[in-house]
Amino acid sequence: MCEISVEVGHDVLKANEECALRNHHLLEYLGVTAFNVMGAIGSGKTTLIELAIDRIGEKYHIGVIAGDIVADIDADRFRRYDVPVISMNTGKECHLDAHLIEHALEQLPLDDLDILFIENVGNLICPTDYSLGESKRVVIVSVSEGDDIVRKHPMIFKTCDLAIVNKVDIAGAVDVDADKMVDDALRINPHVKVMKTSKKTGEGIDDWIKFIEVSTDAHR
Amino acid sequence: MHEYSVAMEIYEVVLKTAMKNDATKVISVDLELGELTHINPEQLVFCLESIAKGSLMEDATLNLIGIPPKVKCKCGYEGVLDAKRYHTISDLAFNLSCPGCGNPVPKLTSGKEINVRNIKIELDEDV
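Protein chains in written order, with numbering that gives the first Met the number 0: chain A, 0 to 219; chain B, 0 to 126.
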């Protein structure tokens, strides 16, 4: 009987990063701009993607990957817009990872797409550690989550390209200062683009659409 | 929050390596854990111990090696951040700056590892 030491050198997150890089190269090559849309449950991820499809669905070919623990509720909402939708039920998982996306990409008509929205699982923590191969990382928080939500989850803001403070029309009702959330995001990441939005009043929706258009046109 | 799936992947890698080397048991696992990952070490150990029950890895000692965040900056600074300045991940995200020049967005070059570095195994015969 003897003991030996064996070098392994397997990094769980690095394995995901490598897969994400493959996805990224594929999407770049095919001219697809992918948005990884992250945010808590009820922050408005599905609604903001729906608004985008509604506004620019004629101008661009859009596809969606809808990540959820179970059920097809979000995917069914997107299907009403007659866009290709892949429903990703993660089962027990709290985030999408690059391997799941790799499989979803195989099922999408990527040659025909300009834009791919990837709606991540509702969570502000786990998706932070897992790149998917996206072009842009978008984080959505709603004022109803409280105005300290940004400072409670700094890493996701450190690594995103766009932070959206959503449902600002009800900020007064829930006694929240939306500008504090904006300031926190900018303090954590001075380079992040931040916008305040509301489906009800239409505030900031043009900015959201513009962000998608500019990001996509830069890719084409 | 994803400790279970991370533990599962670690378990599979360890077991695969152990079996490839004809191990009769896994004695210890050296695991590097970056301080910037959203992994709770205690939960990870709990998950690993639960998963490993009844396997070659059941009695293995888990050696967790914390990896502090390192940055590389345009100013030329390259090194570890002063851990005393950053007690929590929240502190770090708010106060992260290059120790060399104060730039608020230096590139993070380490601190996000979940790396199975090496394992110590027991073999039946001398090799």
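Source of the hints: derived by calculation from the structure; they are not laboratory data.
It is possible that part of the hints are untrue.
Claimed, not checked - Per label pair, the in silico range of CB-to-CB distance: (1) B:E41 / A:D205: 43 to 53 Å; (2) A:K209 / B:G53: 53 to 63 Å; (3) B:E121 / A:G30: 29 to 39 Å; (4) A:P189 / B:K69: 13 to 23 Å; (5) B:F45 / A:H98: 32 to 42 Å; (6) A:D111 / B:V44: 32 to 42 Å; (7) A:L25 / B:R116: 41 to 51 Å.
For clarity, every value in this text was computed on a predicted model and none was experimentally measured.
Cβ atoms here follow ideal geometry from the backbone N, Cα and C, with glycine treated the same way.
The hints, checked one at a time:
At about 47 Å, the CB distance of E41 (chain B) to D205 (chain A) agrees with the hint of 43 to 53 Å. As the Cβ distance of K209 (chain A) to G53 (chain B) is approximately 57 Å, the hint placing it in 53 to 63 Å holds. Range check, E121 (chain B) to G30 (chain A): about 54 Å between beta-carbon atoms, so the 29 to 39 Å window is missed. P189 (chain A) and K69 (chain B) have their C-beta atoms about 21 Å apart, which keeps the hinted 13 to 23 Å range intact.
For the hinted restraint 32 to 42 Å between F45 (chain B) and H98 (chain A), the CB-CB distance of approximately 25 Å leaves it violated. Taken as a hint, the range 32 to 42 Å is violated for the pair D111 (chain A) and V44 (chain B), whose Cβ atoms sit roughly 47 Å apart. Against the hinted window of 41 to 51 Å, the Cβ-Cβ separation of L25 (chain A) and R116 (chain B) comes to about 31 Å, which falls outside the hint.
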